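Chemist: Chain by chain, the residues:
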Amino acid sequence: MRYRVRHISRYGYGTPVDLAAHMVHLRPRPRSFQSVVSEKLVTSPMAARRRDGVDYFGNPVTWLFLDQPHADFEVTAESVVDVEFPTPPPSGETLPWEDVAQAARLPVAWQEAEFRFGTPMAPLNDSTRDFARPSFAPGRPVLEALVDLTSRIFKEFRFKAGVTSISTPVSQVMHRREGVCQDFTHVMISALRGLGLPARYTSGYIRTRPPPGQPRRQGADQSHAWVGAWLGPAHGWVDLDPTNGVVVKDEHVLLGWGRDYSDVSPVRGVILGGGGDHWLSVSVDLEPEPVG
Amino acid sequence: MTGPHPLDEMADGNGGVKPHWRGLLSSMFSLGHEVLAQRARLLDETFAEEGITAILPGERAVNWRCDPIPLPLSAAEFNALETGLAQRAALLELILADLYGPRTLLTDGRIPVDIVYPNQDFLRACCDLTGTRRDRYLFFYAADLLRGGDGIWRVLADRTDEAQGIAYALENRRILGRVVPELFRNQRVHQFRPFMDIIGESLQALLPGDSAAVALLSAGHADPMWFEHVLLARELSISLVESGDLTLRNGQVYLKTLRGLQRIGVLLRRKSGRLIDSLELAPGIGVPGLMEAIRGGALRIINDPGSAVVEAPGLAAFLPQLARHLLGEDLLVPSQATLWLGEQAMVRTVLRDLEGWVIRPATEGDAVPVVPMQLPAEERERLAARIAARPTEYAASVAPHPSVAPCAGPSGLEPRPVALRMFLAFDGQRWRAFPGGLARALSEEDGLAGRLPRNAVSKDVWVLADDSDAVEGALGLFTPTLAIRRTSGDLPSRVADNFYWLGRYLERLEEGARLLRAMIARVLRPSPTAREMAEMHVLMASLSSVGMADPEENGAVGVGMLASGVLRAFRANGRMRLLLDSVAGQVDQLRDRLTGELYSVLTRSLRDMTDAMRRLPADTDPRALERAAMLTTEILEFSATVAGLAAENMVRGGGRLFLDFGRRTERAQAIATELAEVLDQPQAATQPGRVEAALRLALELRDSVITYRARYLAVLQPAPALDLILADDGNPRGLAFQLSALRLLLHQIVEEGDPLVRAIDPMLQETSDIVQDVMQSPDQMATTARLPPRLRQLSQSISEVADQVSRRYFTLLPIAHSLGLENEEFRGAA
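Protein chains in written order, with this note's numbering: chain A, 1 to 292; chain B, 1 to 830.
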C-alpha cells in the first residue's frame, strides 16, 4: 500500500520562549518492506540549527535548535511510503516459546537481548506476566502464543483516551484494563519480557476508517504504537498490534522502534524562558494514495 | 570486618617495623600520645572551620575528619601500584571504546549483555554510530583498594565516572602539614603540586581553540561533594559552573557571564553523566543539546558521560580474561575475586556461604557493598531470597579482611582496618598516579568501596621518595595556591546573583535585628508607659510587615504575648533562623569567591548564632528576652564585621560590587517602607502627638537619635527629622546616602550609555522634595502623616531598578521546561 502521512505538532506558549531544543522521531524508517518515496520536515519558526541523523536504534531522528524568542512552534512532517509488512511464518512452525527465551540468552542474540530487559515504562512486572501466562502453555509455538495474547489484550482491555499519561505505570493499566495504544503496547512488552522474550516498542501510524457513510475527518488520526516480538533466530521479528488485535500487515506505517516510548517519542523538547502554560495540539492524517 | 589475621601495615612480618614507617613512628613517639591526641582534636576543629563539613549542621551532612597519622607507601610499593592501576585504566578505556563502538565484546560473549543493557550508566546517546570517534573516554580514574592478609593490594571498585575524592586528599595534606608539621621533618614525601599542574595542562591541551575555556561542571552546592568541586576548580584555576549557567548557541557551548557569553570547550564533569543533557538523557536538570555539541566536536566532557558503565561490579568477574584478550597481559593489580551470579552453579556457591562474600548490584558502580557477615540472620535471609529470585542482578566478591594501620584513638594508638583510594590521570601520553591518596579508617558501618561516605575518618597518604627520586620543592610543605584574580566581567552571572542575594539577606538580618532590639528594649521595661505600649504596637506592625512577626499578634494586649511574638523570630522556622540559613546557603555557594579569612569569619559566626538561637530559653523563662537582646547585638556586630571585611576587598573579583548593590538596595527599601509603616497610624493626621512619637521611633531605628540631638537639641520637628532620615546624604543610616551609593555602584555595574545609570536621580530628587514639601507646609505634622503612599512608591521604584539591573546583568539563564516526557497525556490511535 502507498500512504501519504502528514503529522503536525503545534506548541503554544503562554509567554514567548527564548530558546528551545527539540529532538523528534517523525521521519519513517526505511526497511526492506517499507520504502520512503518522499519525506520532508519543516518547522515554523525555522530552526537556527537542524541536524538529521540516526539514533542508537537506527531510527531517523532530527535535532532542532531555536534561539530567537517565539510564542508558538510548529513541526510538520510529511511523507509518502510504500509499505507491506512481511507475512509471518505459519505459527505452528515457530519455536516453542521457551526455546526462544533460551535463544535470547545466547551471545548470538546479543542485539535482540537488548529488548528482554525491563525499562522504566515497560518494566518486569508480576501482574503483566501472570496475565500473559495462560497464552503461554508449556511448549506452545511462540507465534501462536503471541497472537493469542494480542487478541486477549484487544478483547479484555477497553480503549479509553484521556485516562492515562506518560507517567501511568503498566501495573495501573493492567489493573484498570483501560488506556490507549501506548499503554497496551507497554503492557504486552512488559508481559513478554517477564517471560524472558525480547519485545520492542514500535512507533508509527495506522489507517483509520470513518464510520460507514461518513467522510474521513481531516487531522483526526493519531500516533500509533504496537509491539515487535522476537520469534527466534530463524524467523526474526514479528509486528503485533494489541490495540486492534491483529498481526501488522498493510495498514500500518512504521516510524521506528526502541525499548519503550521514551526511546522514540515523536516529539521531545526543552524550552527555556517563558513557557507559562504551554499546550500541544497534534493533527495526523494517514491517507492511502494510488500508486503511479 | 577484620578477619582472624589482618595484615598490619606497619609490621614487616618478622616482628619488626617496615623501613618506610620508621621515620614516621619516631616523630610520633617524640610527640607523645597526649600531644598527638590534642593535635587530633585540633585537626577536627580545623576541618570544621575550613568548612569541609557543612556550614550549618544538618544542612549537608558531610563530616570528614582527618587522622593525624598518615599512611606511608614506600616508593617501590607506589610504583607497583601506579603501573598496575595504569594497566587497569588502559583496559577500562579499551572496554569503553568497544562497548560504545563495535561491541565485539558482546558479540563474542566476553562480557554478558546483562551487565551492559540494564545498566543505567550505559548511555546509548554516547554510542559512536559512525565509527569515527577518536577521542578517549577516560582521563581520570580512581580505584578503591584493600590489602589482604597475603600482602596484596586488590581493587574492590573501579571508579571511572567522577573519580571523586582527590580534593579531600589535598586538603588532608594541607591541614596536616599545618597542624602537625613535626611529622614531616626529615621525611621525603612526594608533593601534589606537580600532579595538579599536569591535570591542569592536560585539560588545557584538549581545548579546541584559544577562545574557549575549561570549566568544572557541578551539580551545585547541594551536592555532597560540593566542597571538592570548589577546591578542585580553585586548584585548577577554572570556572565552577552548573547546568543553569550553560547555554547552546549554534552548536557551541557558552557560559553566561556578566559581559556576555564565554565559550566553553572542555567540561570537567563532576555530576552524573546521566544528568547532563535534559534533551537526550534524563529530563530535568541538564543542558539541552550537550550531547549534540559533543558529537559536533564543539565540546569535550571529561570523563566521557558514558564512562560509568565500566564501574559495574559484575564486570570485575571478567576483567582477568579481558586483560588477556585486549592487552595480552595479566592484571598486575588484581580485583578482589568477584563472581557475576549469571550461572546457577555460582549462585549456589555464594548462597551456601553467604557470610564469606560481599554483595553488590551487578550494574551499579556507586553501590556500597553489603556485608552479609554484619547482617542479622533474618536480613541475611531476605538478601539470599532476593539473590535467588534475580541472580543476574548481583555480583559477589570474596569478603575481604583489610589490613590495619595505627590511628589516633582516645587512649593512644589503635589499629583500624584501612581502605585506600588512589587517583590516576592521563597526561596525553600515559597514565600517572597521584603521589598520595585518600585512605579511610574503617569502622563497621563504613562502606568498603563505591560512593564516598558522608562521615569518615580519613588519612593522608604519603608516597615516600626513593633516593633516586627528585622531590620538587621544600619537603612536606604544601604551597598554598595563589588565588586567581578575576575581573568582574568574567564573573559568571550566577555568582553575581549569589553576591547580590548575600547582600540582601545580610541586610535583612541586620534590619530584623534592629527592629527586634527596639522591641525587646521596651518589652523588658518593668512597667511600660502608655507611649511605650503604643510604640510596641507600631514596632509590631513593622515587624510583621517584614515577616518577623505574625500580624495577628499585634492585637495582643499583654506584654507577655508580645514577648512570645518576638521570641518566635529566633525559634525553629522563625524569620531570623531562616535568614541565617539563607545567608549560609549563599556563603556556601560563594566559597570559591571568598577569601579564606572572610569565609571562616562568616561560617564561625553563622554557626555560633544558630547555636545561640537553639539554646534560647523557653518563653516563660525570664532570661529568654535578655538572651534575645544579646543576640540582636551579636547580629548587628556580625553585620558590621562583614561589611568591614568586604570593604577591605576580601571578596574576589567583582563580587564586592554586587554584595554592596544588594545591601544598599535592601537598606534603601527598608528605610522607606519602615518610615511609611511607622507613620501609618490611625488618626495620625489629627493627632500631632502620634506623628511626633512616630518620628522619634524612626530616628531610633535609624540609629540617628544622637545625630539629631546634636543638631537640633531636644526639639523634635518633622522637617529636620525627615531630612536626617531621607534627604541628608551625609547620614550613613539615611536613605539619600544609600541612593547615592547605589548611583555610584550602577556606574560601575552597567554598561556605558545604559539609561539605568540615571535611574536613581529622580529618587534622590523625591527625597529632597518630600522634605521641602513638609517644610513649606503650614501644618508639618499633617503633611507628614500623609507621606506613607509616597514613601511606599519610593520603595517600589528602588525595587524596580534593582530588578532591571539584575535581569539585564546578572540573572541566570531562563528556566528550562521539558516537553513531551513529563506527565503528558497519551494520545494514541485506536
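I should point out that these hints are in silico values taken from the structure, not numbers from a laboratory.
Just so you know, these numbers come straight off a predicted model, no measurement behind them.
Worth double-checking, as some hints may not be accurate.
[Said to hold, decoys possible] Some chain B residues near chain A, calculated using beta-carbon distances under 7 Å:
{"#": "1", "residue": "107"}
{"#": "2", "residue": "250"}
{"#": "3", "residue": "254"}
{"#": "4", "residue": "278"}
{"#": "5", "residue": "284"}
{"#": "6", "residue": "288"}
{"#": "7", "residue": "289"}
{"#": "8", "residue": "818"}
{"#": "9", "residue": "819"}
{"#": "10", "residue": "820"}
{"#": "11", "residue": "826"}
[Claimed, not checked] Cross-link-like lysine to any residue pairs, in silico, SDA-like; alpha carbons within 25 Å at most:
{"#": "12", "chain 1": "A", "residue 1": "40", "chain 2": "B", "residue 2": "746"}
{"#": "13", "chain 1": "B", "residue 1": "256", "chain 2": "A", "residue 2": "59"}
{"#": "14", "chain 1": "A", "residue 1": "40", "chain 2": "B", "residue 2": "296"}
{"#": "15", "chain 1": "A", "residue 1": "160", "chain 2": "A", "residue 2": "218"}
{"#": "16", "chain 1": "A", "residue 1": "249", "chain 2": "A", "residue 2": "289"}
{"#": "17", "chain 1": "A", "residue 1": "249", "chain 2": "A", "residue 2": "59"}
Glycine included, each C-beta is placed from N, C-alpha and C at the ideal position.
Chemist: Confirm or reject each hint.
Modeler: Hints, verified against the model:
1. 107: Check passed: Cβ of residue 107 of chain B comes within 5 Å of chain A, closer than 7 Å.
2. 250: At about 6 Å, which falls below the 7 Å cut-off, the nearest Cβ of chain A leaves the hint on residue 250 of chain B intact, so it holds.
3. 254: This hint is violated: residue 254 of chain B lies away from chain A, its Cβ roughly 11 Å from the closest one there, beyond 7 Å.
4. 278: holds, 5 Å
5. 284: violated, 10 Å
6. 288: holds, 4 Å
7. 289: holds, 5 Å
8. 818: Holds. Min distance 5 Å.
9. 819: Interface hint status for residue 819 of chain B: holds (4 Å vs cutoff 7 Å).
10. 820: holds, 4 Å
11. 826: holds, 5 Å
12. A/40 to B/746: Given pair residue 40 of chain A, residue 746 of chain B is violated - Cα atoms ~52 Å apart, limit 25 Å.
13. B/256 to A/59: violated, 34 Å
14. A/40 to B/296: holds, 23 Å
15. A/160 to A/218: holds, 21 Å
16. A/249 to A/289: holds, 17 Å
17. A/249 to A/59: With Cα atoms ~20 Å apart, residue 249 of chain A and residue 59 of chain A stay inside 25 Å; holds.
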